[in-house]
Amino acid sequence: FNVETVEYKNISFTVWDVGGQDKIRPLWRHYFQNTQGLIFVVDSNDRDRVVEARDELHRMLNEDELRDAVLLVFANKQDLPNAMNAAEITDKLGLHSLRQRH
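If you count the sequence shown from 1, position 15 lands on 32 in the numbering used here, and the numbers rise without skipping.
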């Protein structure tokens with residue numbers, strides 16, 4: 018894992034890059050405590066695994082420790098010709114349903 022603390026003016030936050038490999042995912046929950054924001058990075062060109070990404074995202078957001086966390090989704094690889102656009106990613110990840118989670 019990569020861990021970095023970033024300070025800007027009067028704000029300090031710690032960033033945990035935990036990766037998405039299958040073997041690492043069970044360890045993610047150890048980093049949920051005190052999490053105020055989650056940046057979820059999805060490969061917008063990987064149509065075969067977008068359902069897997071959706072399932073992992075929703076599984077994480079159902080954890081008590083992440084109930085109040087702010088979510089930001091980054092869709093990388095947008096420059097590739099077969100990449101899903103923002104609307105398609107929103108649909109495939111089920112992001113509209115997350116509005117009702119509070």
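Hints in this document: simulated from the structure, not taken from any laboratory.
Please note that a few of the clues may not be correct.
Unchecked claim - In silico DMTMM-like links for lysine to aspartate or glutamate, alpha-carbon gap of 25 Å or less:
hint, residue 1, residue 2
1, K109, D65
2, K94, E82
3, K109, D81
4, K109, E24
5, K94, E21
6, K26, D63
7, K26, D60
8, K26, D81
9, K94, D81
10, K26, D72
11, K94, D63
12, K94, E73
13, K94, E80
14, K94, D34
15, K109, E69
16, K109, D63
17, K94, E69
18, K94, D65
19, K94, D72
20, K26, D65
21, K26, E69
Claimed, not checked - Beta-carbon label-pair distances, calculated as ranges:
hint, residue 1, residue 2, range
22, H113, T22, 29 to 39 Å
23, P98, E24, 35 to 45 Å
24, K109, G54, 14 to 24 Å
25, D96, R66, 11 to 21 Å
26, S29, D65, 30 to 40 Å
27, R64, N27, 35 to 45 Å
28, R66, N27, 19 to 29 Å
29, K109, E24, 16 to 26 Å
30, E82, I28, 20 to 30 Å
Treat the numbers as computed from the prediction; the structure is a model and nothing was measured.
A virtual CB, placed ideally from N, CA and C, is assigned to each residue, including glycine.
Status of the hints after comparison with the structure:
Taken as a hint, the K109 and D65 pair is honoured in the structure, with Cα atoms around 11 Å apart against an allowance of 25 Å. Under the criterion of a C-alpha separation no larger than 25 Å, the hint pairing K94 with E82 is inconsistent with the structure, at around 30 Å. Straight-line distance between C-alpha atoms of K109 and D81 comes to about 24 Å, which keeps the hinted pair within the 25 Å bound. At roughly 34 Å between alpha-carbon atoms, K109 and E24 are farther apart than 25 Å, so this suggested pair is violated.
Distance restraint check for K94 and E21: the Cα-Cα separation of roughly 24 Å lies within the 25 Å cut-off, and the hinted pair is therefore satisfied. Distance check on the hinted pair: K26 and D63 sit about 38 Å apart at the alpha-carbon level, beyond 25 Å; violated. At most 25 Å may separate the alpha-carbon atoms for a hinted pair to count; K26 and D60 exceed this at roughly 32 Å. Between K26 and D81 the CA atoms are separated by roughly 31 Å; this puts the pair beyond 25 Å, and the hint is violated.
This hinted pair does not check out: K94 and D81 have alpha carbons roughly 31 Å apart, beyond 25 Å. Between the alpha carbons of K26 and D72 the distance comes to roughly 36 Å, so the proposed pair goes past 25 Å and is violated. Using a Cα cut-off of 25 Å, the hinted pair K94 and D63 holds, with the two alpha carbons roughly 9 Å apart. Taking the CA atoms of K94 and E73, the gap is about 20 Å. The hint holds against a cut of 25 Å.
This hinted pair does not check out: K94 and E80 have alpha carbons roughly 28 Å apart, beyond 25 Å. About 18 Å separates the Cα atoms of K94 and D34, which keeps this hinted pair within 25 Å; it holds. Note on K109 and E69: the hinted pairing holds, with a Cα-Cα distance of about 10 Å set against a maximum of 25 Å. Proximity of K109 to D63 is assessed by CA-CA distance (about 12 Å); at most 25 Å being required, the pair is judged to hold.
About 17 Å separates the Cα atoms of K94 and E69, which keeps this hinted pair within 25 Å; it holds. The hinted pair formed by K94 and D65 meets the criterion: a straight-line CA distance of about 15 Å does not exceed 25 Å. With a C-alpha separation of about 20 Å, the suggested pairing of K94 with D72 holds against the 25 Å cut-off. For the proposed pair K26 and D65, the alpha carbon gap of about 42 Å is over 25 Å, so the pair is violated.
For the proposed pair K26 and E69, the alpha carbon gap of about 38 Å is over 25 Å, so the pair is violated. Under the hint 29 to 39 Å, the C-beta atoms of H113 and T22, about 34 Å apart, fit the expected range. Roughly 39 Å separates the CB atoms of P98 and E24, a value that falls within the hinted 35 to 45 Å. Between K109 and G54 the C-beta distance comes to about 22 Å, which sits within the given range of 14 to 24 Å.
Checking the proposed 11 to 21 Å range against D96 and R66 shows it holds: the Cβ atoms sit about 19 Å from each other. Between S29 and D65 the beta carbons are some 39 Å apart, a value that agrees with the proposed interval 30 to 40 Å. A C-beta distance of roughly 42 Å is found between R64 and N27, which places it inside the suggested range of 35 to 45 Å. R66 and N27 have their C-beta atoms about 39 Å apart, which leaves the hinted 19 to 29 Å range violated.
About 36 Å separates the C-beta atoms of K109 and E24, a value inconsistent with the hinted range of 16 to 26 Å. Here the CB-CB span from E82 to I28 is close to 21 Å, well matched to the stated 20 to 30 Å.
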